[in-house]
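Q: Here is how the chains run, residue by residue.
Protein chains: 2
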Amino acid sequence: MTAVMPTGVETARDLVGPALAAAVERLTPDVRKVAAYHLGLAGPEGAPPGTLAAADGRARGNGRARGNGRAAAGGRAGADGRAGADGRTGPDGRAGPDGRAGADGRAGPDGRAGADGRASGRRGRAPGAGKALRPALTLLSARAANAAPDRGVPAAVAVELVHNFSLLHDDIMDGDTERRHRPTAWTVYGTGAAILAGDAMLALAQDILLEDAAPSGVWAARALSAAVQRLIAGQGADLAFEQRDDVALPECLAMAGDKTAALMSCACSIGSIHVGGAPGLAMGLAAFGAHAGLAFQLTDDLLGIWGAPEVTGKPVRSDLRARKKSLPVVAALSAGTPEARELAALLAREEALSEDDLARAAGLVEAAGGKGWTEAEAATQLAAAHQCLADTDMPADVRAEFAGIAEFITARQW
Amino acid sequence: MTAVMPTGVETARDLVGPALAAAVERLTPDVRKVAAYHLGLAGPEGAPPGTLAAADGRARGNGRARGNGRAAAGGRAGADGRAGADGRTGPDGRAGPDGRAGADGRAGPDGRAGADGRASGRRGRAPGAGKALRPALTLLSARAANAAPDRGVPAAVAVELVHNFSLLHDDIMDGDTERRHRPTAWTVYGTGAAILAGDAMLALAQDILLEDAAPSGVWAARALSAAVQRLIAGQGADLAFEQRDDVALPECLAMAGDKTAALMSCACSIGSIHVGGAPGLAMGLAAFGAHAGLAFQLTDDLLGIWGAPEVTGKPVRSDLRARKKSLPVVAALSAGTPEARELAALLAREEALSEDDLARAAGLVEAAGGKGWTEAEAATQLAAAHQCLADTDMPADVRAEFAGIAEFITARQW
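Those protein sequences? They're chains S and U, same order as listed.
Residue numbers for the first sequence follow the numbering used here, beginning at 1 and rising by one.
Residue numbers for the second sequence follow the numbering used here, beginning at 1001 and rising by one.
I should point out that these hints are in silico values taken from the structure, not numbers from a laboratory.
Do not take every clue at face value.
As the list claims (entries may be wrong) - Partial chain U-side listing against chain S, Cβ under 7 angstroms, derived:
hint, residue
1, Asp1030
2, Gly1192
3, Val1218
4, Ile1232
Unchecked claim - Pair by pair, the computed Cβ-Cβ distance ranges are:
hint, chain 1, residue 1, chain 2, residue 2, range
5, S, Ala352, U, Gly1336, 54 to 62 angstroms
6, U, Asp1014, S, Glu351, 53 to 61 angstroms
7, S, Ala278, U, Ala1214, 20 to 28 angstroms
8, U, Ala1308, S, Pro215, 33 to 41 angstroms
9, U, Arg1360, S, Arg26, 55 to 63 angstroms
10, U, Arg1341, S, Arg26, 37 to 45 angstroms
11, S, Arg26, U, Pro1338, 44 to 52 angstroms
12, U, Pro1215, S, Glu350, 55 to 63 angstroms
13, U, Pro1309, S, Ala352, 29 to 37 angstroms
To be verified - These stretches of chain S come out as covered by chain U in the derived footprint (C-beta under 8 angstroms, 3 or more residues):
hint, stretch
14, 25–35
15, 165–173
16, 199–209
17, 237–244
18, 277–286
We treat Cβ as the ideally placed atom computed from N, Cα and C, and that holds for glycine.
Full structure from sequences and hints, please.
A: In structure tokens, the structure reads:
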């Protein structure tokens, strides 16, 4: 089925885009350049001072990203043919030579950037424009507490900065060379500059919430801080899972809860917290966001195997090619069936997987029940999300918009 | 001359050490392990849950850091012979083959860890114990506002977390393989885990300040946030300077102000801010810390060229070997004399510098006035720091202790 992007996502882009650009203006020039590029607000050479905000968050890359002077001079990126920053192309053979990093489909939007990036792609938007899903949830969150949508803007900017800090650092760790159809920031500016820009965005996010002297600003900052710690724990688990062949389904779900659902939950509740909404409202919205976030990740993992390239922007079966411990795969491996054992043997093979291998692996995931379990679990989480909305007191139109976004992010095409 | 470590530094270790360990306990296990190792609270395999605080911050590495299973399994660190994580050993020839990274003396405590690390070394302390300089300043800062020293502990922990977040990320960016006489965290756990642990320490620092619901907690958090942004700007400038041969003295001083003095200034003022001291006091202490921090960096840069290895823990003339754009070097290069031109030519040579070259370079820095300028500037900054103390209202014993620390960090031996 084709999902239609809720209008709130468009509204959020218009409200939050300029505020995000204004926030980035506050960073020092070197750091700002990297952050603005990563956020899709500017090309690799940066925007002239004072123009980011005017660009209203829709400016696009200028296409000069590859082979620019910086990367060449520094010799840190791209040109030397190394796929990652962390030695993955080293002698351990985990990546690079066997085609499991870089050009093999791990590049491009990751699971977390997926829905929004793809949605914007289908609507023909600029690459930098696909970043309104979490802001939309945060503006709705403020409206749920009967505040005007624009009062949710600082919290929405903070959430978006944290989301992007995380993507920026993840790209380094994962050795990903492309995001939102552009070279990743570390390949353009070097690892050091990309680490620093992520650090700066994280610190800036907290500071934006604290500009509001009300006590609710502190609570919002602490809610964001808690989400950041879970985000980090989830990414750490994800990295650790790559080294293991015994990942169990509960820990895989916990990882998705940390890596994806925690920030989604924060996005859904922090707007109401920041405008001083009732604690019960914030808790209801946080629960909604946690379930919707898990449903989002489950859907994303299905797309990572069965998603059509024109929808996902990634090669078909890209997650299998990268041998990701995604939820359908782990569910299948846990089944204890002959198909599960064959799948385990296939994924444990030293050599790269052929297209036939990948098709076989996808069939085995399905035959071992991985696809069915994931679809059922996504439906369960979506239903739980809707139940949270029904149980939480808020204006009817706000509830309907939350519900629409939940449907949208879980009803993507494959 | 030999400087005697002020007793306040010892006191700070006893007060802040357990609180720092307790803060680290709050991180998730994978992240905690890396942070505890980096902070010198545990060996590479981590400490059993609940034992970090009991170790009171003095536990030492267990010596199994090199060649442990993790690094070997991940293949991300050390074993593959790559000095850095950012491609510095790549075809650009900036490091690695020419001996300018890793074993050449860039390893070990950097300028910022310098004074405390070295001081503790002279006193025969465990490697993890050399981290009480900034905490001592922060506890004094709380006392300056007539608060009991223990009320400054949360702010001291936050400053120490930020300092160590920065060191952890800097080690990755700089490709440094040793700190405080142990392998750096990224070489033990991999780049990804080290990036995440730094991120987590930064977010934790802010959260610790916000646990105090008083408005002063927010101001303290924002003061720290501002220092973090300057720290990041300074490190960014430092990275950028490596690519340039036209660094001017004012920008080099500005870089030192950002990279070193900003957090020192924060350490000196944030205690008083956090306990609700008068704004005038905080401003006076911030100014003191800024001057003392610059004096610290100027002294450290002198040690980087003329420091005795047994004092600095680094090979003699290590900063020249690494061709760092340190303040004495930039001052000398700016002199416009024949010696300055000879120095520029020497440092621009493609090949590695011999011991004779390094001795010649050190002589040229001195002949071109770089040593004299740096010594004079350090004295000027130290005098300005003392003037700030004199101009700021605080208990006499607190003022004397601040003065003692300022003397200590600028009167190191070489």
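Q: Each hint should be assessed against the structure and marked as holding or not.
A: Status of the hints after comparison with the structure:
no.	hint	in the structure
1	Asp1030	4 angstroms, holds
2	Gly1192	4 angstroms, holds
3	Val1218	5 angstroms, holds
4	Ile1232	5 angstroms, holds
5	Ala352/S - Gly1336/U: 54 to 62 angstroms	59 angstroms, holds
6	Asp1014/U - Glu351/S: 53 to 61 angstroms	57 angstroms, holds
7	Ala278/S - Ala1214/U: 20 to 28 angstroms	23 angstroms, holds
8	Ala1308/U - Pro215/S: 33 to 41 angstroms	53 angstroms, violated
9	Arg1360/U - Arg26/S: 55 to 63 angstroms	45 angstroms, violated
10	Arg1341/U - Arg26/S: 37 to 45 angstroms	41 angstroms, holds
11	Arg26/S - Pro1338/U: 44 to 52 angstroms	45 angstroms, holds
12	Pro1215/U - Glu350/S: 55 to 63 angstroms	60 angstroms, holds
13	Pro1309/U - Ala352/S: 29 to 37 angstroms	49 angstroms, violated
14	25–35	holds (count 4)
15	165–173	holds (count 4)
16	199–209	holds (count 7)
17	237–244	holds (count 4)
18	277–286	violated (count 0)
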